[in-house]
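S.K.: Each chain, letter by letter, is given below.
There are 6 protein chains.
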Amino acid sequence: MVDVGAKEATDRRATAAAVVRMSAETARAVRGTRSGTGGDAPKGDVVGTARIAGIQAAKRTAELIPLCHPLPLSFVDVHIEVGETEVAIVAEARTTAQTGVEMEALTAAAVAALTVYDMVKGIERGVEIGDVRLLEKTGGKEDWRR
Amino acid sequence: MVDVGAKEATDRRATAAAVVRMSAETARAVRGTRSGTGGDAPKGDVVGTARIAGIQAAKRTAELIPLCHPLPLSFVDVHIEVGETEVAIVAEARTTAQTGVEMEALTAAAVAALTVYDMVKGIERGVEIGDVRLLEKTGGKEDWRR
Amino acid sequence: MVDVGAKEATDRRATAAAVVRMSAETARAVRGTRSGTGGDAPKGDVVGTARIAGIQAAKRTAELIPLCHPLPLSFVDVHIEVGETEVAIVAEARTTAQTGVEMEALTAAAVAALTVYDMVKGIERGVEIGDVRLLEKTGGKEDWRR
Amino acid sequence: MVDVGAKEATDRRATAAAVVRMSAETARAVRGTRSGTGGDAPKGDVVGTARIAGIQAAKRTAELIPLCHPLPLSFVDVHIEVGETEVAIVAEARTTAQTGVEMEALTAAAVAALTVYDMVKGIERGVEIGDVRLLEKTGGKEDWRR
Amino acid sequence: MVDVGAKEATDRRATAAAVVRMSAETARAVRGTRSGTGGDAPKGDVVGTARIAGIQAAKRTAELIPLCHPLPLSFVDVHIEVGETEVAIVAEARTTAQTGVEMEALTAAAVAALTVYDMVKGIERGVEIGDVRLLEKTGGKEDWRR
Amino acid sequence: MVDVGAKEATDRRATAAAVVRMSAETARAVRGTRSGTGGDAPKGDVVGTARIAGIQAAKRTAELIPLCHPLPLSFVDVHIEVGETEVAIVAEARTTAQTGVEMEALTAAAVAALTVYDMVKGIERGVEIGDVRLLEKTGGKEDWRR
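Residue numbers (the numbering used here), protein chains in the order written: chain E, 647 to 792; chain D, 647 to 792; chain R, 647 to 792; chain S, 647 to 792; chain U, 647 to 792; chain L, 647 to 792.
Bound conformation, chain E alone:
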């Protein structure tokens, strides 16, 4: 683990994204679990469940990623949009700490995407997760934007 003890605690933010690609029919089913009209996924509200899963995963990043530092997150959220043939996920994490929250944002996005897969795999097993990537980080030595 990198020693961050000598670094100053500053405000840090990171935003990450992921995309879950699926057929138009499956995307329609995902939308249907929200509105109760026009679709149906076997396990209930896909977007709401994936959002909670992503938030909870962000809080466990240091347990999952061996060399990550445990961080006192001040904010995590996950936004999910259902498109024609994909579910687009954007996760944001914030902290005031000696190191950044990129891994927290990425873990939230990835686990939300895995949860979407879990909830539609009964209707389309070939759904694929891609574009898991950092969009932006601020705070620390330097800001970064994709």
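For the record, the hints were derived by calculation from the structure and aren't laboratory data. Some hints could be false.
Copies of the same chain are indistinguishable here, so a pair counts whether it falls within one copy or spans any two.
[Unchecked claim] Using 20 Å as the maximum straight-line C-alpha spacing, the simulated SDA-like pairs for lysine to any residue come out as follows:
hint	residue 1	residue 2
1	Lys689	Gly678
2	Lys689	Val648
3	Lys689	Gly768
4	Lys689	Gly651
5	Lys653	Lys689
6	Lys653	Gly785
7	Lys787	Arg771
8	Lys689	Gln744
9	Lys653	Ile769
10	Lys787	Val648
11	Lys653	Asp789
12	Lys689	Ile769
13	Lys653	Asp723
14	Lys653	Thr742
15	Lys689	Ala652
16	Lys689	Val736
17	Lys653	Pro718
18	Lys689	Val650
19	Lys787	Thr656
20	Lys653	Gln744
21	Lys689	Phe721
22	Lys787	Glu654
23	Lys689	Asp649
24	Lys653	Gly768
25	Lys787	Glu770
Given the structure of chain E, go ahead and fit chains D, R, S, U and L onto it with the hints provided.
M.R.: Structure of chains D, R, S, U and L alone, referenced to chain E:
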């Protein structure tokens, strides 16, 4: 959660994959952490660490994915190949249970990929994870192969 | 821990309940987070979030309750009804195992209730959780019904 | 999750309670596990085990309650009194942080109560948990007392 | 992880031990936390707390030890004796599974020992844990006894 | 739990050690898993896996040891040397906090040692862990050195 109580416990296997795309220089650094010759990543042995992270994540799938059943895994492994401009991950999970291990294999692949990102982000922040997908499942109602 | 090694693995079910008592105004806010009409709680969809929290807690019962056995749950669900001045929670757990799932159902109900509290405490801090109780268990030495 | 990043870190305390209602005979058995005289519960020292379970649960509040922030607790304790027909639990949590510890105190009280249930359910299955409630919080925007 | 899928599920037991060596004065303090007479440790009942910690750790062995299989434990217990200048710990684990419970028994003994250390380190920092070892295993390919 | 709320947050370090004693042949097998020449352990790279297990365990100390405070670790590392008839482990933890990291260093050393045992138990079941001890702590009320 789907009720799997009436299903028969059968042998189940699933294989999933993920790809971490990076520059040739970063890939060289990853290779260097293995052999001690020709490269260097700031946090040590990338491939070995990502493999362990993936195996441990598979065992925690039911904690991460809200509607997953806890399963007594009989085998998990993660294989990682470092290519010219990517790290390719293949994860396999096996059990004898009433439901399949697709999510365990996918979670192992995704967390191994996130761990690779964590270990190289100090040298290339724009590295991207893609192609997180099920390759094959056997056992249960029907086999499936991508 | 009681040794259950000599007991036969049989189908087990348990149902448990909890009630979260609040003002009519707070209950209206909780209903509003579902429909988007007529109310508002500061943290979003109360019922959906509490349901997921309860399901996930059931799977971690053996980590929380020191002398509980880890069990391979085949089903967990949490149903939540918003009344005039209360939120009523019913949780059900099922397994095929050497010991029962009463604690899993009770833990799901209690954690769902705590989650409701967390999501409305910004508008009414005095909300109270009561009637956390087993409703019914079947399987094992004898059935039981409240 | 509410963004607490702009709030000041201040000293925070919260006290919460729960009651486990049971027959006089069961309460006597619980007392007996303490003194070794006059009673017997099938799983050993009820009060000591429930106290530890409550303390450990407080530390895992952010894992259980989806929108809770992880907090660096500076103190947790759980006091348990065995009455004629009930076990009364009071839990206290303290931190210096940007948000309060109400959920930590409530989670400690609830999990201690569930642990009491687990340890006496072999002799009285109808035992009920009630009055899970915040008693007092100090620090933050305003103090509150029931 | 070794693939145990082809092995038969049989009854397995393992017993492990650990010793915590300390001064006579510290051992007296540990004894005093039990009886309330003749000693005092700063954090309360040492033996009872260490026993619970050991039992809970056994259930999390597969999370701690990377290549361990998750096992449905049917029994765990930890016995602790306070001697003149040591605390002796014996832990036992049982399951019916395709692989053994040696690591569960050893993890229970080691974490119980660490807990003893934690509770007396305020009065004697040099206390040492030794002789963490398997005493016996039965079931599986062959029995073994130290 | 001791209330550390009134203590000042200062830089804290702790170093702990453990030894895993084994036959010369087993130690040779452990060395062989590193270099790929001259030995073989059934489960792969022993030293690398034990190091990761120790680091991850340090981050979970407060979950394992009931009365430990959760701490924001700024650094953890585990060094492992393979000798003629033993594997020697030294773990270090650092934080800026109101209480020390002795338990984090000791937990890292103990879990790394348990992981070594797990990976060689297929070839020598009688391997023993000893000398789990604090080497040094700095920061807080007073420094200490064995």
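S.K.: Which of the listed hints are not met by the structure?
M.R.: none
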